[in-house]
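Visitor: These are the residues of each chain, in order.
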Amino acid sequence: MKFNLNLPKGPIERIQGKCISLIGDDIDTDRIIPARFLKCVDFNSLGDSVFADDRNNSNIVHPFDLEKNQEASILIVNSNFGCGSSREHAPQALMRWGIRAIIGESFAEIFYSNCIAIGIPCFTLTKDSVKHIQDKSQNYDLFFEINIQKALAKNSEFTLSLNLKESSRQMFLNGEWDATTTLLNNIELIKEKIDQLPYVNF
Amino acid sequence: MSKDTLFDKVWDLHKVADLPGGSSQILIGLHLIHEVTSPQAFGALRDKNLRVRFPSRTVATVDHIVPTDNQSRPFKDNLAEQMIDTLEKNCQYNQIKFFNIGSGNQGIVHVVAPELGLTQPGMTIACGDSHTSTHGAFGSIAFGIGTSQVRDVLASQTLIMNKLKVRKILCKEKLSAGVFAKDLVLHIINKLGVKAGVGFAYEFTGPAVSALSMEERMTICNMSIEGGARCGYVNPDAKTFNYIKGKEFAPSEENWSKAVNWWKSLVSDDKAVYDDLIEIDASKVEPTVTWGITPGQSIGINERIPELSDIDNADKSIAGEAYEYMGFNPGQKIKGIPIDVCFIGSCTNGRLSDLQIAAKIVRHNKVAPNIKAFVVPGSEKVAKEAKSEGLDKIFKESGFQWREPGCSMCLAMNSDKLIGDQISASSSNRNFKGRQGSPNGRTLLMSPAMVAAAAITGKVSDAREFLKQ
Chain A
1 MKFNLNLPKG
11 PIERIQGKCI
21 SLIGDDIDTD
31 RIIPARFLKC
41 VDFNSLGDSV
51 FADDRNNSNI
61 VHPFDLEKNQ
71 EASILIVNSN
81 FGCGSSREHA
91 PQALMRWGIR
101 AIIGESFAEI
111 FYSNCIAIGI
121 PCFTLTKDSV
131 KHIQDKSQNY
141 DLFFEINIQK
151 ALAKNSEFTL
161 SLNLKESSRQ
171 MFLNGEWDAT
181 TTLLNNIELI
191 KEKIDQLPYV
201 NF
Chain B
203 MSKDTLFDKV
213 WDLHKVADLP
223 GGSSQILIGL
233 HLIHEVTSPQ
243 AFGALRDKNL
253 RVRFPSRTVA
263 TVDHIVPTDN
273 QSRPFKDNLA
283 EQMIDTLEKN
293 CQYNQIKFFN
303 IGSGNQGIVH
313 VVAPELGLTQ
323 PGMTIACGDS
333 HTSTHGAFGS
343 IAFGIGTSQV
353 RDVLASQTLI
363 MNKLKVRKIL
373 CKEKLSAGVF
383 AKDLVLHIIN
393 KLGVKAGVGF
403 AYEFTGPAVS
413 ALSMEERMTI
423 CNMSIEGGAR
433 CGYVNPDAKT
443 FNYIKGKEFA
453 PSEENWSKAV
463 NWWKSLVSDD
473 KAVYDDLIEI
483 DASKVEPTVT
493 WGITPGQSIG
503 INERIPELSD
513 IDNADKSIAG
523 EAYEYMGFNP
533 GQKIKGIPID
543 VCFIGSCTNG
553 RLSDLQIAAK
563 IVRHNKVAPN
573 IKAFVVPGSE
583 KVAKEAKSEG
593 LDKIFKESGF
603 QWREPGCSMC
613 LAMNSDKLIG
623 DQISASSSNR
633 NFKGRQGSPN
643 GRTLLMSPAM
653 VAAAAITGKV
663 SDAREFLKQ
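As they're listed, the protein sequences go chains A and B.
First residue of the first sequence? That's 1 in the working numbering, and the numbers climb one at a time after it.
First residue of the second sequence? That's 203 in the working numbering, and the numbers climb one at a time after it.
It should be emphasised that the hints constitute simulated quantities derived from the structure, not laboratory data.
Computed from a predicted model, the values in this text were never measured in an experiment.
Treat the hints loosely; a few may be bogus.
[What the hints assert, rightly or not] Stretches of chain A that chain B covers, calculated by requiring three or more beta carbons in the stretch to come under 8 Å of a beta carbon on chain B:
#1 27-36
#2 39-53
#3 66-72
#4 75-88
#5 140-153
#6 163-173
Even glycine gets a Cβ: it sits at the ideal position worked out from N, Cα and C.
Start from the sequences, fold in the hints, and give me the full structure.
Guide: This is the structure:
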C-alpha cells in the first residue's frame with residue numbers, strides 16, 4: 001500500500017510522472033482486478049491487488065513489481081485496454097496503486113468512462129508511437145509532463161501529441177469529471193423530462 | 203451519422219441537455235442495482251450529502267456473490283454477508299424496491315428485470331454491470347456503467363454520455379437445426395472482432411433475428427459487450443409485446459394498446475441511416491466453441507484451432523498468448539478436447555429455454571465419469587418453472603448438480619470455481635484468463651446444448667448428434 005495517496009480532485013490541468021509500460025492487447029478488467037477482490041464495500045484496499053493473478057503467475061517480474069516502476073504514474077498500454085466487465089474497481093485499483101493517466105492505442109468504452117469519472121485521463125496514440133514509448137520506458141526511466149489543454153506529453157528529449165476526446169478534455173479542465181453537481185444543475189429539466197416519458201405512466 | 207434508427211429515437215427522447223465538448227446528459231428510465239457495484243455509490247452519495255432522487259426508478263436484486271449451495275443467512279462467507287447486508291440496508295434506507303433471496307423474484311439482474319416486465323421497449327436502462335446490454339433485446343437502449351456513474355444515476359437519474367454510432371448487423375437466412383443464438387453471437391464476435399464495437403450500438407436485425415425467441419434475443423444482445431459494443435438491441439415486434447404482456451410490471455390493461463402503439467413508433471425506419479452495415483449469413487453458422495482467452499477466439503465444432511499464419515496480424519499476439527495459456531496447439535481439433543467441469547447458467551444462458559434444451563440432451567444419459575456438472579438457474583422464477591416441468595429431476599438423474607439461482611461460476615465470486623488448470627465447458631460469456639476463479643483455469647464458451655453434450659461425453663462434442671436421436 002502506498003502512502004500519501006492524493007487522489008484526483010477538482011480541475012486537472014497537468015500530470016507529471018514516470019511511465020510504466022504494460023504490453024499486451026485486450027487486457028480485460030478481470031485481469032486488472034480479479035473478481036474475488038470485488039468482495040468489498042469500499043475501494044480503499046484495491047491498490048495492492050491490481051493485476052494480482054498476472055503478478056503471481058508471471059515467469060518474469062511483472063512491470064507492477066519492478067523496483068524501477070514503483071513511483072510510476074503514467075501507464076502505457078496497447079489496444080482495447082480494460083475490455084470486459086464494467087467494474088470500476090479496475091481503474092480504482094490502478095489509481096490506488098499510483099496511476100494518474102493512461103496512454104494507449106485504444107480503450108474499451110466502459111473502462112474509459114470509468115476512468116474519466118474518477119479523474120484519470122486516457123489518451124490515445126498510434127500503435128507505432130505507443131511501441132516507441134513502451135520500448136523507451138523499458139530501457140530507461142521515461143518521464144512525461146502531460147498538458148491536458150494542449151494534449152501534449154513532453155520531456156527534455158521530445159514532445160508527443162496525444163489524442164483526447166474534447167468532452168473529456170473540458171471535464172478535466174473545469175473539474176466536471178466529478179459529474180454529480182453538473183448533472184444536478186439541470187434538476188428542473190430532469191423532472192420535466194421524466195414527466196414527459198410515456199412509459200413512466202404505463 | 204445515424205438517423206431515424208431506434209437508437210436515435212430513444213436517445214433523443216431521453217436527452218436532457220447538450221453539454222460542452224459534445225457530450226449529452228441522458229435520462230435513465232430504469233436503473234438496476236446489485237450488491238457488487240452499488241455500495242461505494244451509496245457511500246459516495248452520503249459523502250456528498252445527497253439522496254436518491256427518484257427511488258421508484260431504481261430496482262435492486264442480489265446475484266454476484268450469492269452462494270448456490272446453501273443460501274441460509276448469515277452466509278458462510280463473511281464478506282459476501284457484508285455485501286448483501288449493505289445492499290439490504292441501502293435499499294431500505296432509500297426506499298428502493300429490492301428482490302431479495304426467497305422473494306420469488308431474486309436472480310441475476312438481467313434475467314429478473316425482463317421476466318418481471320420491468321424491461322420495456324424505448325427505455326434507457328443502466329446498471330453497474332457490463333451485461334446490461336441484454337435488455338436491448340426488447341428495443342431498449344441498455345448499457346453497463348461503473349460505480350461513479352451508479353452514484354450519478356442515484357443522485358440525478360442521469361448520466362453524461364457521448365452519442366454512439368449505430369452499426370446494423372443484418373443476419374440473413376435462418377440458423378440451421380441444432381444451432382442456437384449463442385452460436386450466432388459467438389460467430390458475429392469472431393467475424394467482427396472484440397473491439398469492433400467500441401463507439402457503436404449494435405442493431406441486430408434480419409430474418410435470423412426475427413425468428414429468435416425473446417430469450418434467444420437476450421443471449422445475442424447480452425454478448426454485444428464482448429464485441430466491444432456497450433449496447434446492442436433488436437427492434438421490438440409482436441414477440442416482444444407478447445412476452446411482456448401480463449408480466450408483473452408490464453403496462454396496465456387500460457394502457458396496453460397505447461404502450462404497444464408507442465413501442466411500434468420506435469422501430470428503426472425503413473429509410474433509417476446507419477453508420478455501418480454488416481451482413482452475416484446465419485445459415486452458415488455452426489455450433490461454435492471458443493478455444494482462446496477472448497470471446498472472439500472461436501471456431502465451428504468441426505474446425506481446427508487456427509494456425510498463427512491464418513490469423514490477422516493485429517490478432518497474432520493475443521493468439522500466441524491464447525495457445526500458451528490454454529495449452530492447445532494450432533491445428534488441433536476442438537472436437538474431442540477433454541473437459542473437467544460443465545456449467546449451465548449465467549445472464550447469457552441461464553433462462554428456462556436454455557435449461558429445456560440442455561435437459562433434452564441429458565435426459566436418459568449420464569454425466570461422464572470425473573466430470574463435475576452443475577446447473578445454476580438464472581432466477582428463482584426460472585428455477586420454479588424448470589422444477590414444475592421436472593427439469594431439475596432430469597438433470598439430477600443424469601448426474602448434474604441442481605443449484606440455487608445466481609451468477610455463480612460465470613465470474614466465480616462465490617465458492618463455485620475452477621481448480622488449477624481445469625477446463626470448463628461453460629454457457630457463460632467470458633473466457634478471460636482466470637475468469638472462472640482459478641488463475642490458470644480454462645474456459646470454453648458454448649451454447650447450453652453444447653455444454654450438455656460435453657457433460658455426457660466428457661469432451662467437446664457436437665450437440666446436434668444428440669438432438670437427432
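Visitor: Quick check: do three or more residues in the stretch 75-88 of chain A have a beta carbon closer than 8 Å to a beta carbon of chain B?
Guide: holds (count 8)
Visitor: Apply the coverage criterion to the stretch 140-153 of chain A and chain B: a residue qualifies when its Cβ sits closer than 8 Å to a Cβ of the chain, and three qualifying residues are needed.
Guide: This one is violated; 0 residues, fewer than the three required, reach chain B with a Cβ under 8 Å.
Visitor: Count the residues of the stretch 27-36 of chain A with a beta-carbon closer than 8 Å to any beta-carbon of chain B: does the count reach three?
Guide: Our answer is that it holds, as 6 residues pass the Cβ test (under 8 Å) against chain B, meeting three.
Visitor: Within the assertion that chain B covers the stretch 39-53 of chain A, do at least three residues meet a Cβ-to-Cβ distance smaller than 8 Å?
Guide: holds (count 6)
Visitor: Count the residues of the stretch 66-72 of chain A whose CB lies closer than 8 Å to any CB of chain B, then report whether that count reaches three.
Guide: violated (count 0)
Visitor: Closer than 8 Å Cβ to Cβ for three or more residues is the test here. Does the stretch 163-173 of chain A pass it with chain B?
Guide: holds (count 7)
Violated hints for the displayed structure, listed by number in ascending order: 3, 5.
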